[in-house]
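Engineer: Sequence lines, in order, name chains H and V.
If you're matching positions, the first sequence starts at 1011 in this note's numbering and goes up one per residue.
If you're matching positions, the second sequence starts at 124 in this note's numbering and goes up one per residue.
Please keep in mind that the hints were generated in silico from the structure rather than gathered at the bench.
Please note that the accuracy of each hint is not assured.
[Claimed, not checked] Stretch-level coverage of chain H by chain V, calculated; a stretch enters the list once three of its residues show a Cβ under 8 Å from a Cβ in chain V:
| hint | segment |
| --- | --- |
| 1 | 1045-1053 |
| 2 | 1120-1129 |
| 3 | 1162-1169 |
[What the hints assert, rightly or not] Per the computed footprint, the stretches of chain V lying under chain H, defined by three or more beta-carbons under 8 Å from a beta-carbon of chain H, are:
| hint | segment |
| --- | --- |
| 4 | 125-137 |
| 5 | 177-187 |
| 6 | 206-214 |
| 7 | 240-250 |
| 8 | 269-277 |
| 9 | 340-353 |
Cβ atoms here follow ideal geometry from the backbone N, Cα and C, with glycine treated the same way.
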Amino acid sequence: MHSHDDDDHSHLTDIEARVRALESLLGEKGYINSTAVDEIVQTYEKKIGPQNGAHVVAKAWTDKQFNDWLRKDATAAIHSLGYTSRQGEHMEAVFNSPDTHHLVVCTLCSCYPWSVLGLPPTWYKSPPYRSKAVIDPRGVLADFGVHLPEHTSIEVHDSTAEIRYLVIPERPANTDDLDEKALSQLVTRNSMIGTAILAPAEKTK
Amino acid sequence: MNGGADLGGMMGFGPVIEEPDEPNFHAQWEERVLGITVALGACGQWNIDQSRFARESLPPAIYLSSSYYEIWYRGIVKLLKQNHMISDKELATAQASLPRVDECNALLPENVEATLMAGSPANRKSDQPAAFDVGQQVRTINIHPETHTRLPRYARDKTGIISKVHGVHVLPDTSAVGQGEQATWLYKVSFDAQTLWGDTRVNEQVNNKATNKDKVHLDLWQPYLKADTTL
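Throw the hints in and build the complete structure from the sequences for me.
Structural biologist: Following this line, the structure appears as structure tokens:
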């Protein structure tokens, strides 16, 4: 057990040292500014994340005009909310329904709608998901504990170009009395990738 | 290229396992690699297609056994060396000895927000008409270039339907190898799962007819496609 931990530790130390050396070299040569690197990291830690996408989804559920716009021109509709950042330059929204379930992948690398979902989770970037999503999407969904009804067909979107996909999940049951803000709290990151469906809200007494 | 990154349809990697409450970064070096990669991208010495090709052309055994930020680290080191911005000697000694490439000026903190918010749109203006319309049947070409392409192996030489015309976008195949943007029409092409994976494979998964309707959509550029008039 100890030797395993030690292996991991020395591995991390090695890459940590190499990255540190690279950053200092690039700084010395004037190719990067370390404060700017901090800013970039903090942007994705604090400002840009799945809360952006959840806002888009909740608005699509409550605002008919926005919903129509999202179907017709997702880029303009999403940008109108201020979510214009990189890896969201060209957007497409795909809407789940009882008949159709959408699933987003990038088999060739890790294309992901950063502007609305932030940085991708490790599983999204890793070989098990990237290899299996296109050939066995039902198996992938089972890995996430999702089992679709028999009549639901699956549409997989392989992000091979610069178009980024946002899944608009179905609005959960028992949420008629919730406003946009409360609804956005129910939207999970995975439901906007297509690896989760949203559970009905607890019935209010 | 037929490299370690072209994973669609490969088998044997096991189930998809999600880490509960996963943080954006598992160690500080990962944060630095993300930030350095984005900051260097703003320097304009390479484009996103060159950057993807640098990663996917790592030897498959290395690509598949490296963590994602390790792949990014290897990718930027390769690009920095190719562009004569750093040398192995500099990396080993952590001391600058090569002359500076003056065209690369560091992205400054005050410009980070504007740079990230602006992004890098890939669409371009063109007066060339689109060759294909929505609803048209097309067949993908059969290519195996050693250079960059965004036509994955599993979707080559396959029949699909144009389901959307996206506009005119930079062609990665030429952009990645310094042959210019050669912007051309980009389409969403929809393939039946059965066309890609065969009857047996698809029917094995679920014993119902729904699977026959399953589709895989890819965004593909005009040079990847030929009109297909067979029924």
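Engineer: Determine for every hint whether it applies to the structure shown.
Structural biologist: Each hint, compared with the structure:
Under a criterion of three residues with beta carbons nearer than 8 Å to beta carbons of chain V, the stated coverage of the segment 1045-1053 of chain H is upheld, 8 such residues being counted. Residues of the segment 1120-1129 of chain H lying with their CB closer than 8 Å to a CB of chain V number 4, which satisfies the three-residue condition for coverage. With 8 residues having a Cβ less than 8 Å from any Cβ of chain V, the segment 1162-1169 of chain H passes the three-residue criterion, so the hint holds. Requiring three or more residues with a Cβ within less than 8 Å of a Cβ of chain H, the coverage given for the segment 125-137 of chain V holds, as 9 such residues are present.
Here the segment 177-187 of chain V counts 3 residues with a CB under 8 Å from a CB of chain H, which clears the bar of 3, and the coverage holds. Given as covered by chain H, the segment 206-214 of chain V passes the check, having 4 residues with a CB less than 8 Å from a CB of that chain where 3 are the minimum. With 7 residues having a beta carbon nearer than 8 Å to a beta carbon of chain H, the segment 240-250 of chain V meets the requirement of three or more and the stated coverage holds. Remark: the segment 269-277 of chain V is confirmed as covered by chain H, as 4 of its residues place a Cβ nearer than 8 Å to a Cβ of that chain, reaching the required three.
Figure legend: the segment 340-353 of chain V, annotated as covered by chain H; annotation consistent (5 residues with Cβ-Cβ distances under 8 Å, at least 3 required).
In this structure, every one of the numbered hints holds.
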